[in-house]
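Work from the hints to combine the two standalone chains into their complex.
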Amino acid sequence: EPEVTQTPSHQVTQMGQEVILRCVPISNHLYFYWYRQILGQKVEFLVSFYNNEISEKSEIFDDQFSVERPDGSNFTLKIRSTKLEDSAMYFCASSEAPPSSYNEQFFGPGTRLTVL
Amino acid sequence: KNQVEQSPQSLIILEGKNCTLQCNYTVSPFSNLRWYKQDTGRGPVSLTIMTFSENTKSNGRYTATLDADTKQSSLHITASQLSDSASYICVALFSGGYNKLIFGAGTRLAVHP
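Read top to bottom, the protein sequences are chains A and B. Residues 1 to 116 (our numbering) are what the first sequence spells out, left to right. Residues 1 to 113 (our numbering) are what the second sequence spells out, left to right.
Since the hints were made in silico from the structure, they are not lab data. Watch out, some of these pointers could steer you wrong.
Said to hold, decoys possible - Derived DEER-like restraints, expressed as beta-carbon distance ranges:
1) 50/A to 79/B: 20 to 26 Å
2) 72/A to 97/B: 29 to 35 Å
3) 72/A to 95/B: 38 to 44 Å
4) 22/B to 116/A: 37 to 43 Å
5) 53/B to 116/A: 48 to 54 Å
6) 67/B to 76/A: 38 to 44 Å
7) 27/A to 9/B: 34 to 40 Å
If you're wondering where the values come from, they're calculated on a predicted model, not measured in any experiment. Beta carbons: idealized from backbone N, C-alpha and C, even for Gly.
Extracted from the complex, chain B is given alone in its bound form (with noise of 0.2 Å):
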């Protein structure tokens, strides 16, 4: 079954801090792999796009990396900022004779002072 999964579910950090979010697919066939951010309430905003043959894609403070032997990839977020609080959400897009999207169900992240 197509699925992606996140991990962890939740996450405290303090500011200033770094965090890494784990991300694993079983979408087969996968052409690309992308971390939105979704403030509450809202639509969600694409961070990184990566191909199944790039390694790693940063903006910003924003790294991802993509191991798609083992089919995981991470977000790391560098120096945590208040308005980084927020669901980070994993997608990968299936291309199995029809293009879709295929979302995790997020990390919700809390950056507090």
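In isolation and in its complexed conformation, chain A is listed as follows (with noise of 0.2 Å):
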């Protein structure tokens, strides 16, 4: 059964450092998202992304974070610089369709990112 990946794992990082979280979404999927969830938190919307572009991002995603599918699998996000609060664990999603429609959303196992 096709499935999201995600890598690293685990990541931990130091405060101000760059970080590339990636994701390899199911093939077919045309839709991508990211989220995360600070540790006994709810999971927060940041970015989703579609035809090469972002279609939408919350308030969460500032400056300091970018998206890119830098080629026909791959689907990274990217901290400028890493702040404390950024720790959490991050999830990538996919889906044929957009979220309006009745169409699931496949999660990734999601990396946690820790930050010194």
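Here's what the structure looks like:
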């Protein structure tokens, strides 16, 4: 069964460093998403991406964040200068159709980011 | 404010028993409501998706209900198994100009032998 994969599973970084979180969405999906979940808190939407551009972004997704689909398979989230409060689990998701439809979003296993 | 509230926060039941989890949402405009299962340290996995015109949806031992008038949903788990131990998250799709999933905090279910 196809699945969303994410690497690395755990990333530890120093405050102020840049990190890139990688995701491989399900191959025939066209819509891609990043979410984060701070320990013990709700999952929060960060950004959605379609046709090589950002469709929607939340207020959390500020200038420190960027997303890219550098090739036909990878979808990346970059944090330019990490802060302590960026420590969280980051989930990538993908779907065949836009979220307004009945279609499922399939989530990856997550990358746990720890900023020291 | 667009929010999803769930109760109880946590629940312990014995294997084989049934349970019902509750969800209230204030998301408007609202397109559909989803229940996800999230194992510790893993991504959410979809259980059900219901539009505002659907009242009930089943997926094996999971049955979700939706009352769009009162903005309430429930997830009923029948004949619980140890593997049902997880967080169950209610998620509403906000569809006002842009589309965004709004997550509840989840109910943490522990099934004991």
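Now the hints, each set against the structure:
no.	hint	result
1	50/A to 79/B: 20 to 26 Å	violated (41 Å)
2	72/A to 97/B: 29 to 35 Å	holds (31 Å)
3	72/A to 95/B: 38 to 44 Å	violated (30 Å)
4	22/B to 116/A: 37 to 43 Å	holds (39 Å)
5	53/B to 116/A: 48 to 54 Å	holds (49 Å)
6	67/B to 76/A: 38 to 44 Å	holds (41 Å)
7	27/A to 9/B: 34 to 40 Å	holds (38 Å)
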